Amino acid sequence: SQTIHQWPATLVQPVGSPLSLECTVEGTSNPNLYWYRQAAGRGLQLLFYSVGIGQISSEVPQNLSASRPQDRQFILSSKKLLLSDSGFYLCAWSAAFNQPQHFGDGTRLSIL
Amino acid sequence: AQSVTQLGSHVSVSEGALVLLRCNYSSSVPPYLFWYVQYPNQGLQLLLKYTSAATLVKGINGFEAEFKKSETSFHLTKPSAHMSDAAEYFCAVSQSRGSNYKLTFGKGTLLTVNP
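Residue numbers (the working numbering), protein chains in the order written: chain L, 1 to 112; chain P, 1001 to 1115.
Derived by calculation from the structure, the hints in this document are not laboratory data.
Predicted model only: the values in this text are computed from it and were never measured.
Here a beta-carbon is modelled for each residue, glycine too, at the ideal position from N, C-alpha and C.
Mixed in with the good hints, there may be bad ones.
If you only want the chain P side, here are some residues facing chain L, beta carbon under 7 Å, derived [what the hints assert, rightly or not]: (1) 1032; (2) 1049; (3) 1103; (4) 1107; (5) 1108.
Chain L with its partners taken away, still in its complex shape (with noise of 0.2 Å):
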């Protein structure tokens, strides 16, 4: 069967230093991934969204980059971290566009 990791799952960080979230997809190939925001009561927010390696999307612009070095590895990061940034940030893949996506448990992300 198909997982999802995401880690860390919480995370504390300054203003101004860099951010790296790692999820990654077994049991499966060449799935969708995907990277969200949900911040308190707006629901979820579409940062990015891969249909392959080296294949990055951005829906909002913003301080944040994702990156896909291998087939079933996802990658967000900053390079100068904004108070704005705080917010659980939520991974998931899909086999295809129209099918469920799968969520991994999210990293809760707070700057200081």
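Here the structure of chain L is known, so what remains is to put chain P in place on it, guided by the hints.
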């Protein structure tokens, strides 16, 4: 652009009572619709999906949803609430853009179950 509206950011029911969570969508093409549940500090878990087959869709944990095209609705119901149903629920619609799709989520409905 497609959108999803969840009526009621917070719904409170008694244990054993009917659960009704409302979702309305807008779409210019036949949609794919989904309901997800999120427990505190966890990711989203798929409850059920509508993909243009039967209009009444049964999901996990006793939930079901009915697709009503004339009302552009996809409300989630459960006949008898259990304490373990307390969570946040998200309705989502697939959005086609060329050959690509993405999910557009509603803002969520927090379900509280009172003993």
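Please write out, lowest number first, the hints stated earlier that are contradicted by the structure. none
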